[in-house]
Amino acid sequence: MIEFKNVSKVYNGGVKAIDNVNFKVENGEFVILIGPSGCGKTTLLRMVNQLEDISEGDIILNNTSVKQSNKIEMRRKIGYVIQSNGLFPNMTIEKNVMIVPDLLGWDRKKQQDRFNYLMELIGLHPDEYRKRYPHELSGGQQQRVGVARALAADPPVMLMDEPFGALDPIIRTKLQEEFLQIQKEVNKTILFVSHDIDEAVKMGDKVALLRGGKMMQYDYPSEILHHPANDFVSEFVGQDRVLKSTSLYSVKDLVDEVSLDSYHEADSAQPVNEDTSLRIVISKLLNQEADQLVVEDKQGNKKGKLTLELVEKFLHKEVKETPNR
Amino acid sequence: MMNKRISQIVKIAFWIIVIAFFAWTFANDLFRPIVEEFRTFTNLLIQHITIVLISGLLAIFLSIPLGIFVTREKFRKSEFWIVNIANLGQTIPSLAVLALAMGFLGIGIKAAIVALFIYSLLPILQNTIAGIQSVDENMKDAARGMGLTPAQILWQIELPNAASSIIAGIRTAIVINIGTAALAYLIGGGGLGAWIFTGIRLFDNSFLISGAVPVTLLAILIDYLFRLMQKLLVPKGLRLAEEAQKS
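First to last, the protein sequences are chains A and B.
Heads up, the first sequence is in the working numbering, so the first residue is 1297 and it goes up one at a time.
Heads up, the second sequence is in the working numbering, so the first residue is 63 and it goes up one at a time.
Don't read these hints as lab results, they were simulated from the structure.
These numbers come from a predicted model, not from an experiment.
The C-beta atom is built at its ideal place from N, Cα and C for all residues, glycine as well.
There may be inaccurate statements among the hints.
[Unchecked claim] Below are the DSBU-like pairs computed for lysine-lysine, each with C-alpha atoms no more than 30 Å apart in a straight line:
1) A:Lys1406 x B:Lys298
2) A:Lys1312 x B:Lys202
3) A:Lys1548 x A:Lys1601
4) A:Lys1363 x B:Lys136
5) A:Lys1391 x B:Lys293
6) A:Lys1609 x A:Lys1498
7) A:Lys1609 x A:Lys1502
8) B:Lys136 x A:Lys1367
9) A:Lys1510 x B:Lys202
10) A:Lys1391 x B:Lys66
11) B:Lys139 x A:Lys1363
12) B:Lys73 x A:Lys1405
13) B:Lys66 x B:Lys298
14) A:Lys1405 x A:Lys1427
15) B:Lys202 x A:Lys1405
16) A:Lys1498 x A:Lys1470
17) A:Lys1373 x B:Lys139
18) A:Lys1391 x B:Lys73
19) A:Lys1613 x A:Lys1599
20) A:Lys1406 x A:Lys1373
21) B:Lys202 x A:Lys1363
22) A:Lys1301 x B:Lys202
23) B:Lys202 x A:Lys1470
24) B:Lys202 x B:Lys66
25) A:Lys1427 x B:Lys293
26) B:Lys202 x A:Lys1373
[Said to hold, decoys possible] One-sided excerpt, in silico: chain A residues whose CB lies under 8 Å from chain B:
27) Pro1385
28) Val1551
29) Ser1555
Please take these sequences and the hints and turn them into a complete structure.
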């Protein structure tokens, strides 16, 4: 758990980069810090592992004040990923990934097993990459290795500073999805800096929106999108916020809330899987691929018809009621 | 294509000149002193190497730690002063540095060593500083964030990544030193300069050539050795990265 208690950062000359921030990240929660450039999101992240000092207040990391802990020991228990991957060009991939376990004095066998496990996890063949060097890898592969390195000593907490920010959109989307899968398996407490609201909505369990060092809103993505706390938040998430929120829901969420139209064999309709995001459903319906879609569950059973009206009905319900998911 | 052809012509021209030069020296028996006074020659050569070796080692042992020192966060402000003092040693003509050293230490090999030591500080110091400063900030940030101590960052990240630059600095300093050490004779420091200056005074090409050619060959040899060393000391990953960038 990471708890920010009245945290402020004042630079010489009295500029407040962080202004009395309070919030809690529960164990296993994936929290996105987001905001415009200069809002202090990266500073706030770097205060957790003490790369930046805390001027006032404190951050409690797993029941210990970060101010009072030994910086070096504490950092070895926190995974750290940065935008420009920060891999060391003088070391092989294996040495890069195993740098923290090495510092912690793990034996050779344990390191090797861990390396193999992590490489499988990020989808790179361990033996193929073990002896290679960072420059031989593509940007996406390097960033994957960066993630593996942060996970190496199995730290309970991960700090990620725009880890996918420098990648091209296709690779970025791919890595985002891969990382969500990894998170399902490793279940870390994650603080993740982003400037991309779509990324935040897609990845985060919760989103913390900052401006000028102040917390604007800290809530579930659906809440931020459906109920912005103030004008700034609503401007930041954009006027198409309802559309953005559609990527939060899958067809299954819709089926649970509203009843589908009944389906007849005679109707011509495209099949759609229950796990499909509503955003894709809307896109499919709008671009005239089909007027209606047939919802199928995993076994291929046809559950009913899905139309734009139904999606609309569902979204109205969600926006009004917004049960905390 | 054009560039390749030009470089080929230059290469051929170079080797023709080298061969012509040696043909001329052998035809006129200009290496006679080396054969006739072999004992003196080896003594002078050893003196020459001693001057270069001791002054070079002293410069390495002072400049590299100094370069590390001024690139530490806490002492960054000292860089301006230290580099400028070292600059001073470099801007004074080498002959004047020798004369100054003689003024303090008298005639002999000691003064020559001190003068050359001062003269080689700057290239090593500058390359050490430049090498360490060119290490990517993000890389150091990642290292700090993962819990490496400042000493571990220095030994595992900064120095390996700066190695290429530091060795290049040492190479430059030593190779220049080999040539400059010929001047040591002027303040009684000995070395192969003795024959070169004798040759100049007596208008005797054989002494001039027998002194100058070994100095040149020594410089080329040392340069080559340092290039080999660079291959051994620079981490493989960095060398491969550099080669990949070139091609």
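Status of the hints after comparison with the structure:
Our distance criterion of 30 Å between C-alpha atoms is met by Lys1406 of chain A and Lys298 of chain B, whose separation comes to about 25 Å. As the CA atoms of Lys1312 of chain A and Lys202 of chain B are separated by approximately 26 Å, the hinted pair is consistent with the 30 Å bound. Simply put, Lys1548 of chain A and Lys1601 of chain A have alpha-carbon atoms about 13 Å apart, close enough for the 30 Å limit, and the pair holds. Note on Lys1363 of chain A and Lys136 of chain B: the hinted pairing holds, with a Cα-Cα distance of about 21 Å set against a maximum of 30 Å.
About 20 Å separates the Cα atoms of Lys1391 of chain A and Lys293 of chain B, which keeps this hinted pair within 30 Å; it holds. The suggested pairing of Lys1609 of chain A with Lys1498 of chain A holds, with an alpha-carbon distance near 22 Å, which does not exceed 30 Å. Restraint check for Lys1609 of chain A and Lys1502 of chain A: satisfied, since their Cα atoms lie roughly 25 Å apart, inside the 30 Å limit. Simply put, Lys136 of chain B and Lys1367 of chain A have alpha-carbon atoms about 18 Å apart, close enough for the 30 Å limit, and the pair holds.
Our distance criterion of 30 Å between C-alpha atoms is met by Lys1510 of chain A and Lys202 of chain B, whose separation comes to about 29 Å. A C-alpha spacing of about 41 Å is found between Lys1391 of chain A and Lys66 of chain B, which places the hinted pair above 30 Å, so the restraint is violated. A threshold of 30 Å between alpha carbons decides the hint, and for Lys139 of chain B with Lys1363 of chain A the separation of about 28 Å falls inside it, so the pair holds. Using a Cα cut-off of 30 Å, the hinted pair Lys73 of chain B and Lys1405 of chain A is violated, with the two alpha carbons roughly 54 Å apart.
For the given pair, Lys66 of chain B sits about 29 Å from Lys298 of chain B by alpha-carbon distance, which is consistent with the 30 Å threshold. Between Lys1405 of chain A and Lys1427 of chain A the CA atoms are separated by roughly 16 Å; this keeps the pair inside 30 Å, and the hint holds. For the proposed pair Lys202 of chain B and Lys1405 of chain A, the alpha carbon gap of about 28 Å is at most 30 Å, so the pair holds. A hinted pair counts as satisfied when its Cα atoms are at most 30 Å apart, and Lys1498 of chain A with Lys1470 of chain A qualifies at roughly 12 Å.
A distance of roughly 34 Å separates the Cα atoms of Lys1373 of chain A and Lys139 of chain B; the hinted pair therefore is violated under the 30 Å criterion. Between Lys1391 of chain A and Lys73 of chain B the CA atoms are separated by roughly 43 Å; this puts the pair beyond 30 Å, and the hint is violated. Restraint check for Lys1613 of chain A and Lys1599 of chain A: satisfied, since their Cα atoms lie roughly 21 Å apart, inside the 30 Å limit. For the proposed pair Lys1406 of chain A and Lys1373 of chain A, the alpha carbon gap of about 17 Å is at most 30 Å, so the pair holds.
Taking the CA atoms of Lys202 of chain B and Lys1363 of chain A, the gap is near 22 Å; set against the 30 Å cutoff, the hint holds. Between Lys1301 of chain A and Lys202 of chain B the alpha-carbon distance is near 29 Å, which keeps this suggested pair within the 30 Å criterion. Proposed proximity of Lys202 of chain B and Lys1470 of chain A is supported: the alpha carbons are some 28 Å apart, at most 30 Å. Straight-line distance between C-alpha atoms of Lys202 of chain B and Lys66 of chain B comes to about 41 Å, which puts the hinted pair past the 30 Å bound.
Simply put, Lys1427 of chain A and Lys293 of chain B have alpha-carbon atoms about 18 Å apart, close enough for the 30 Å limit, and the pair holds. Taking the CA atoms of Lys202 of chain B and Lys1373 of chain A, the gap is near 18 Å; set against the 30 Å cutoff, the hint holds. At about 5 Å, the closest approach between the beta carbon of Pro1385 of chain A and any beta carbon in chain B falls short of 8 Å, and the interface hint on this residue holds. For Val1551 of chain A, the suggested interface contact is broken, since its CB lies about 44 Å from the closest CB of chain B, more than 8 Å.
Taken as an interface hint, Ser1555 of chain A does not check out: its beta carbon lies about 51 Å from the nearest beta carbon of chain B, beyond 8 Å.
Hint check: violations occur at hints 10, 12, 17, 18, 24, 28 and 29; the rest are consistent with the structure.
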